[in-house]
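**Q** If you want the building blocks of each chain, they are given just below.
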Amino acid sequence: LAKTTQPISMDSYEGQEVNITCSHNNIATNDYITWYQQFPSQGPRFIIQGYKTKVTNEVASLFIPADRKSSTLSLPRVSLSDTAVYYCLVGDDNNNDMRFGAGTRLTVKP
Amino acid sequence: DSGVTQTPKHLITATGQRVTLRCSPRSGDLSVYWYQQSLDQGLQFLIQYYNGEERAKGNILERFSAQQFPDLHSELNLSSLELGDSALYFCASSESGSRGRELFFGEGSRLTVL
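Same order as they appear, the protein sequences are chains A and B.
The numbers in the first sequence follow this note's numbering, run straight up by one, and end at 110.
The numbers in the second sequence follow this note's numbering, run straight up by one, and end at 1114.
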């Protein structure tokens, strides 16, 4: 079974901030949280990864509370091209048994 | 370009046949993963190899098998094909541990079983 739970879908509008939350209640001490983006008929692409607190890169931020049982991917000022499926993935330090959940289908509207 | 190469990109075959999908990981990556994605479905983890050894097994059917060779490329063999096996098959590779945890995906092999 996948280790994560996410909303099935979300809608947003261009220019808005989008926050997608993922639950991973059984996260282990050695597990990292990674988010991927997938466009139709393409392989998933890495967005961001974190272990605790907050991580920010040029495309997103990742917020992880102290108990690490959830995480939130934040996409600032989304555009139409951000319409995709977003996957939260929990994996150990050696990337073993990397099972994706159902993902969140984000639709950005004009 | 992720650096992961999958061949063939497209494959059309008939029920009952056998096919082999090939994956070349990024240079230096020791782990290879195989995923199946049916139309509008999520990514189903099939199997993982690390440096030639099976590391984890997911929802892989008995009709499917895989291996990773000494040069680290991997092959996924699908036999006695059924209509329901039609899907995109993705290969991913990664380093491990502190050397890197990101999965790099290939462009996929689209299998159509008629």
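Be careful, since some hints might not be right.
[Stated by the list, open to error] The calculated BS3-like cross-link candidates involving lysine-lysine, where the alpha carbons are at most 30 Å apart (straight line), are:
(1) A/Lys69 <-> B/Lys1009
(2) A/Lys54 <-> A/Lys69
(3) A/Lys52 <-> A/Lys69
(4) B/Lys1009 <-> B/Lys1057
(5) B/Lys1009 <-> A/Lys52
(6) A/Lys54 <-> A/Lys109
None of these hints come from the bench; they were simulated from the model.
**Q** Each hint: holds or not?
**A** Quick rundown of the hints versus the structure:
1. Between lysine 69 of chain A and lysine 1009 of chain B the alpha-carbon distance is near 38 Å, which puts this suggested pair outside the 30 Å criterion.
2. Note on lysine 54 of chain A and lysine 69 of chain A: the hinted pairing holds, with a Cα-Cα distance of about 14 Å set against a maximum of 30 Å.
3. With a C-alpha separation of about 10 Å, the suggested pair lysine 52 of chain A and lysine 69 of chain A falls inside the 30 Å cut-off, and the hint holds.
4. In summary, the hint linking lysine 1009 of chain B to lysine 1057 of chain B is supported, as the alpha carbons are separated by about 24 Å, within the 30 Å threshold.
5. Between lysine 1009 of chain B and lysine 52 of chain A the CA atoms are separated by roughly 38 Å; this puts the pair beyond 30 Å, and the hint is violated.
6. For the given pair, lysine 54 of chain A sits about 28 Å from lysine 109 of chain A by alpha-carbon distance, which is consistent with the 30 Å threshold.
Checked against the numbered hints listed earlier, the structure breaks hints 1 and 5; every other hint is satisfied.
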